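Asks: If you read the sequences in order, they're chains S and F.
All you need for this note's numbering is the position in the first sequence, starting with 1, plus 702.
All you need for this note's numbering is the position in the second sequence, starting with 1, plus 61.
What the hints contain is simulated information worked out from the structure, not anything from laboratory work.
These figures come from a predicted structure and were not determined experimentally.
Keep in mind that a hint or two might mislead.
[As the list claims (entries may be wrong)] Cut-off 27 Å, straight-line C-alpha distance, at most; resulting in silico cross-link-like pairs (DSS-like, lysine-lysine):
#: 1; chain 1: S; residue 1: K920; chain 2: F; residue 2: K221
#: 2; chain 1: F; residue 1: K246; chain 2: S; residue 2: K816
#: 3; chain 1: S; residue 1: K816; chain 2: S; residue 2: K793
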Amino acid sequence: MKRTHLSRRLTALAAVGALVLASACGGRDDGGGGGDGDVTTGPGFDGETIKLGVLTPSSGTVSVIGIPVTIGNQVYFDKLNAEGGVAGKYKVELVVRDTKYEAPTASQEYQATKSDVAMYLQILGTQVVSSLLPDLEGDNIIASPASLDSFWVREPNLLPWGGPYQIQVINGISWYMTEGGGEGSQLCSLVQDDAYGATGQQGVDHVASELDLDTGVKVDFSVGTPDFTTHINQLQSGGCETVLMTATPADAAGAIGKAAQAGFTPKWLVQSPGWLKALFSGDLRPYAESNVLILAEGGAWDASASTGMADLLDALETYAPEATPDWYMTVGWTQAMAVHQVLEAAVENGDLSRDGLMEAMNSLDVITADGLFGDYNWGDAETRNPPRSSTIYGVDIEGSPIGLVPLVQDYTSAAAESYSFEE
Amino acid sequence: MSSLLTRVRPRKAGRPHRNMTLTRADDLRVLRGPWRKAFAVLLLVTYLVVPLQFTDATLGVWILVASYSIGAIGLNLLIGYTGQVSIGHAAFVAVGAFTVSALGDQRGWPFLSYLAAAIVFGLLVGFLIGPFALRLRGNYLAIVTIGLVFVAEHVLRNWKDVSTPVRGTAPTRGANISIGPLDFKAGLDLGGTVYTREQSLFWLTWALVALAALLAHNIARSRSGRAMQAVRDHDLSAEVIGVDPVRTKIGVFAVSSAMAAAGGVVYAMTLGAVDYHELTGGRGLFMSITFLAIVILGGLGTVYGSILGAILVVYSQRFIADHGADTPIIGFPVQQEWMSTGELNSVLFGLLIIVFLLLEPRGLAALWMRVRRWFESWPFSY
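For reference, chain S alone in the conformation it holds in the complex:
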């Protein structure tokens, strides 16, 4: 009996203690904005420093993209901070977290950082952005995707830049199949089996329909496929002469390497995230220089190409002199430029809270990229119109620090003009 009483007492004591603690501590305040004289503060802005989140793969196979994009982000704000910061007085600090290119890891990192940042300067990966969209909308946070899916155009919480992947593919195929030497060839596709891969296939389907092209097999693969033998056999036996590839660098090099081994020599039209100079500089170099075209945007890696490129090269020389030149740095720089324009508008409106940032973003008419990418006609999500032009690069390992030289710059096809972002 004594023991029973003790047990009951302990239980009752615990229950009462817990209830007291629960009622004492209660729910949580969401930390609403306060005033800082001129500018309303909010999460990620304490009145002096603006913190921006970067969710990017800094480990794993896709880190070869994440690292240079983040260097582009970083040197832009290093340069801006040296000049005084946003509006000449607010310094910018990046909160960089490793997603490993995995949606669950990105979700954890998002939850861990969302209260500490004003907005996300970079979220890399179509699949990752797709999975985080419900959270971004629920938390009223803006993010700039390091991904060019056309789906982002109409998303109110996203700050995309550049022509979408679908536009890259449509322009690239249009040019190659009409004037680039691929007239009458059979068009096939080798795409990643996820949302990013779907963007490439959507582009192929649209341009094939518009130009009435002869399309062949569609082959898909998973990220990190160790051996592309069966995929290449499918393309080869299907009589493919032009192949659109949507992949990240390790898989792109794996597939193209296997094609080279098999003596399969179609023209590979590779979306921009498939390129990494280091992977094509060795034994694959002659094959890549003869058979690979990269579909992207921008110009040559040269200060004379555009104002944006001149600024980027200057900042790289000053703040990251040891960094290896990489096309993805232009992506990071362009993203930072877009976010900077939103921040300037928000400071001008006197409100750096989440609501203030959203209002500032929607108040912009155009987001410029200083020639690195096309200008983006901005406004509310329903009225946004991305650039419709693309650049088709040839591979020239010695001819350019990034291994790419533009064959056709700022090309806009009729099929790209007709592409609807409501699709």
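Let chain S serve as the given structure and place chain F on it in line with the hints.
Replies: For chain F alone, coordinates are given in the frame of chain S:
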């Protein structure tokens, strides 16, 4: 009836030590002795207070730990108690996660309905897989179960209505998470005090962990549990003494799969959308190995070891990600440093397994057992 079942514990002075099992009632008690009761009270208070003391970000990790704990408890029944190796556990987690998307998000089923459906689907898939365990054992069974994550990948890749109904993903954020008037998704409103989604989900998910642990504990000490252990120790001998290995193996596969599916439901709560690439194929294999590591590090054949292992493996990775940038050897950009926090996590995860297996092969449960024995035998702790 044995004398154990019929003897009555003497009530007068001079009775045996409180930990001695004399009656069937003693044997059935979950909380034996004052130390265990005090510890249970401490756990209860911790359960109630933790959401009030940690940030939502940290609670998000604890919710993830809860999902791994439930899955690991199921795997421990299979591996630790029955000796059947499985390296395809993530496939069953996928069953639960995609049930949340298909029924909870896409069709608006209530929480308890899609949770029950996920458990039933897990049971059914387990029943289908179980017969493989009848013909194979050890390394051969392990290899066959590896195939599960690749079969699941193939099925989900082609079953697009379930795996990728919206933009290449399977959304889960729209799924209802409420029980009666308690809305965990919007945040609990108790007596006018509103709690956040993460606070509310912590209470819900760790209650599910407690239920899973209690269920596993009861299975392990029941007739079925003894049959499982007999099959693990020597299945031929078990059959000789009347244990039906067929029923035992299929049954434990089904229960283990159902628990993994329940863990998958909680896993889906931590994400806005589920991506089948994360739960099947190569990455699914990695997740399955993570479950295996949790069970081994936590302690084979112990229920609470599964929970301790999940905390160690999942939470430590979060800790490194949060604090790794403060250490001198890592950080960003990687080109100027040794490694990123993600790479450090992978290295430490590997080292953790090696060190644990070298120093304490019985896992965290063995360490905990020593602490518990000290308290239980106090004041004669020798």
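Asks: If a hint holds in the structure, say so; if it doesn't, say that too.
Replies: Tested hints:
1. A C-alpha spacing of about 16 Å is found between K920/S and K221/F, which places the hinted pair at or below 27 Å, so the restraint holds.
2. Our distance criterion of 27 Å between C-alpha atoms is met by K246/F and K816/S, whose separation comes to about 18 Å.
3. Between K816/S and K793/S the alpha-carbon distance is near 19 Å, which keeps this suggested pair within the 27 Å criterion.
In terms of the numbered hints stated before, the structure departs from none.
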